[in-house]
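Undergrad: Following the hints, position chain G against chain H.
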Amino acid sequence: MTFARRVLVLVAAAAGLQLACGPVRSQTPQRKGQTTVVLLSESDGSVGRATVSNPSGSVELETARASTTVEQGEAPAQPKEMSEADVKRLFGAALAVQPPAPAHFTLYFEFDSDELTTESRKLLDDVQNAVKGYPSPQVTVIGHTDTRGAATANIGLGLRRANVVRMRLIEAGLDGSAINVTSHGEATLLVPTADDVPEPRNRRVEITVR
Amino acid sequence: MKAQHWIAAIALVTLAAPAFAQQASPAGRVKVVSGSAFIVRSGGTIRAEVGQSVFESDSLRTGEDGSIGVTLDDDTRLSLGPSSEVRLSTFRYAPAQSSVGLAMNFLRGIAVYVSGQIAKLAPDSVRLETPSAIVGVRGTTLAVQVVPE
Numbered sequence: 001m002t003f004a005r006r007v008l009v010l011v012a013a014a015a016g017l018q019l020a021c022g023p024v025r026s027q028t029p030q031r032k033g034q035t036t037v038v039l040l041s042e043s044d045g046s047v048g049r050a051t052v053s054n055p056s057g058s059v060e061l062e063t064a065r066a067s068t069t070v071e072q073g074e075a076p077a078q079p080k081e082m083s084e085a086d087v088k089r090l091f092g093a094a095l096a097v098q099p100p101a102p103a104h105f106t107l108y109f110e111f112d113s114d115e116l117t118t119e120s121r122k123l124l125d126d127v128q129n130a131v132k133g134y135p136s137p138q139v140t141v142i143g144h145t146d147t148r149g150a151a152t153a154n155i156g157l158g159l160r161r162a163n164v165v166r167m168r169l170i171e172a173g174l175d176g177s178a179i180n181v182t183s184h185g186e187a188t189l190l191v192p193t194a195d196d197v198p199e200p201r202n203r204r205v206e207i208t209v210r
Numbered sequence: 001m002k003a004q005h006w007i008a009a010i011a012l013v014t015l016a017a018p019a020f021a022q023q024a025s026p027a028g029r030v031k032v033v034s035g036s037a038f039i040v041r042s043g044g045t046i047r048a049e050v051g052q053s054v055f056e057s058d059s060l061r062t063g064e065d066g067s068i069g070v071t072l073d074d075d076t077r078l079s080l081g082p083s084s085e086v087r088l089s090t091f092r093y094a095p096a097q098s099s100v101g102l103a104m105n106f107l108r109g110i111a112v113y114v115s116g117q118i119a120k121l122a123p124d125s126v127r128l129e130t131p132s133a134i135v136g137v138r139g140t141t142l143a144v145q146v147v148p149e
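Here the protein sequences line up with chains H and G, keeping their order.
My numbering puts the first residue of the first sequence at 1, with every later residue one more than the last.
My numbering puts the first residue of the second sequence at 1, with every later residue one more than the last.
For reference, chain H alone in the conformation it holds in the complex (with noise of 0.2 Å):
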């Protein structure tokens, strides 16, 4: 047995006695396929949801590091609080090797035209800086417009103003490749309104960075 392996093993065994209610044992049995699940609060703070569930049974994990353990065959365990020591143990190795999240800005255009909007210009700055924070950095960038004009024209414009963003990207050193470029055109609006309508705020480029 390695270390890594051992290791594991242990942490998997301290952990089944924190979970595990009444007499303490020393040695918890570890059974093949036997699942933990445990919810992670996200970056921001929040705590998401997750549901738990086999023929036998089902349950909710809702609160911060809220914990599940499953054997094959049988009802999820009730759900118990893992100490974030445990979860440390258990999942460090993992939580360790966590991309970077993903990060999304919006720019806004002048009306009928591929010209960022004076704010938007700085805020390209951000996407930037923001992209050499990536290992194997990938931008997505989405070219909108309002519902001005004719749809299929706002194809075109909502594609060459995502194709201003990817050539300021390039400028800025990034890779081509790794640039992915679309146009929605009018077709997926940020404020619905009806056709031919000018909206400033539907007039815009959204990029990912990955």
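The set of hints was computed from the structure by calculation and includes no laboratory data.
Predicted model, so just to flag it, every value in this text is computed and none were measured.
All C-beta atoms in this analysis are idealised placements derived from N, C-alpha and C, irrespective of residue type, glycine included.
Do not take every clue at face value.
What the hints assert, rightly or not - Here's a subset of chain H near chain G, in silico, CB distances under 8 Å, partners left out:
#1 Ala-50
#2 Asn-54
#3 Ser-83
#4 Gln-138
#5 Thr-152
TA: Just chain G now, kept in the frame of chain H:
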């Protein structure tokens, strides 16, 4: 002669079809690697490197000293500790066509999953499976351990 040509043409088309199907667009990319980590693709094992593409149906596998982190195109993140394996059984992300879906099989070891756009757009289309349970998510960071079989 003519019949033979036709047969050859049909054979070519038949052969080309599965090859074409394999040229699917990537589902994501390897972002972090430490120690020995691999991508298992159609039976073969490739050593994982930062920047490599990950496709639907690929498995991520780590050795006893390995760990790996990937980011999928919908912002989903998945990282594995040592002696672990997770299969990306389904990845569909075409929100403009309302076609999204994500399924992962946690086969063994430890992994951390952070949900992305698919879980936001269609939470019911996300399915995380282990040998003993199915996990449904609602915008969630989850840590999963599966004891090896």
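Undergrad: Now, for every hint given, state plainly whether the structure supports it.
TA: The hints, checked one at a time:
no. : hint    : result
1   : Ala-50  : 5 Å, holds
2   : Asn-54  : 5 Å, holds
3   : Ser-83  : 13 Å, violated
4   : Gln-138 : 6 Å, holds
5   : Thr-152 : 16 Å, violated
The structure does not agree with the numbered hints 3 and 5 stated previously, though it agrees with the rest.
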